[in-house]
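J.: Please arrange chain P on chain W, whose structure you already have, making use of the hints.
Which chain is which? The protein sequence lines are W and P, in order.
Quick note: the first sequence uses the numbering used here, first residue 11, plus one each step.
Quick note: the second sequence uses the numbering used here, first residue 11, plus one each step.
Fair warning: there could be bad hints in the mix.
The list makes no distinction among identical chains, and a pair is therefore deemed to hold if it is satisfied within one copy or across any two copies.
No more than 30 Å apart at the CA atoms, straight line, and that leaves these computed lysine-lysine pairs for DSSO-like [what the hints assert, rightly or not]:
(1) K176 with K75
(2) K26 with K49
(3) K176 with K105
(4) K26 with K176
(5) K77 with K176
(6) K176 with K109
(7) K120 with K42
(8) K176 with K49
I should point out that these hints are in silico values taken from the structure, not numbers from a laboratory.
Keep in mind that this is a model prediction, so the values were computed, not measured.
Number of protein chains: 2
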Amino acid sequence: MDIFILRLGHRPARDKRISTHVALTARALGAKGIFVSTKDEELEESVRDVVGRFGGGFEIRTGTKWKPLLRDFQGTKVHLTMYGVHVDDALPRIKKAAKDSMLIVVGAEKVPADVYQMVDFNVAVGNQPHSEVAALAVFLDRLTEGEGLRAQFDGRLRVLPCERGKRVVDRERAE
Amino acid sequence: MDIFILRLGHRPARDKRISTHVALTARALGAKGIFVSTKDEELEESVRDVVGRFGGGFEIRTGTKWKPLLRDFQGTKVHLTMYGVHVDDALPRIKKAAKDSMLIVVGAEKVPADVYQMVDFNVAVGNQPHSEVAALAVFLDRLTEGEGLRAQFDGRLRVLPCERGKRVVDRERAE
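Just chain W, same shape as in the assembly (with noise of 0.2 Å):
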């Protein structure tokens, strides 16, 4: 399945290291790109300074016009939202109904009211206040039943899982 984000919301000055963590991690845990409805090149720039070192082909944009990108999209749209049903209830059905293709929406701060009316299904990853970074990362682990976090990415820089210390293989220095 091709899995893409939508982050709504985003405040260039207030979100730039919520967002980059929410972008980074949907692209650590499988996800093919994320489209941001704020223009911000800083953002654009960071996150594809990590694509670049560490491989993949995790796409960012900003500026989106969310709404005909929501209305037009071709797959499943899910918005995880603390009000929503509850993903142990949720997911099943998700799965079921799921086609090639998924946009998954995650706010910054106050969604428009428009974006429950818009998807297919509201998740909530438990109906507690807590973090859309979180939200994301357990609802894609959910999604992809672990597959996500095992892809390889095959970048410049690859980092050897290791018990003690830190294991990094640069691609560029050993050749």
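T.: Here is chain P on its own, set in the frame of chain W:
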């Protein structure tokens, strides 16, 4: 199992929002409390505000001397780091070794080298750079096998799961 978090390297000006996400994620996924190595009363306040409204006994303490805490902690010590052993491989061993209490260390930027030696397990929620919020969320969700997200908090405010829109019960207003 009683689960606590140790947040290292928190810089109040830069990390307040990410650390708030770490704390609220810990709470929402079943941890009992968080220790933060830097004093930050604003961070304490914003986490206690959520606990006050949404319930549960989650505790936050900031300005904790991390070395004695980590050294003397009675229980299993886990450090989440992209350089560690992949969670798929580490988790079965952690569950086998797990005691009644667990301390999960999550760093902000660079973590002191000592930490890798002082813990029982260095665990990577994937060996890609992403987010300590995401790493903590996936680790807790897998460790508790989804139980964390099903906890009841019995707070003044309760969100009722909902297909579209928002339903929140305020016990004080209802009485």
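J.: Any hints from earlier that this structure breaks? Give me their numbers in increasing order, please.
T.: Violated hints: none; all satisfied.
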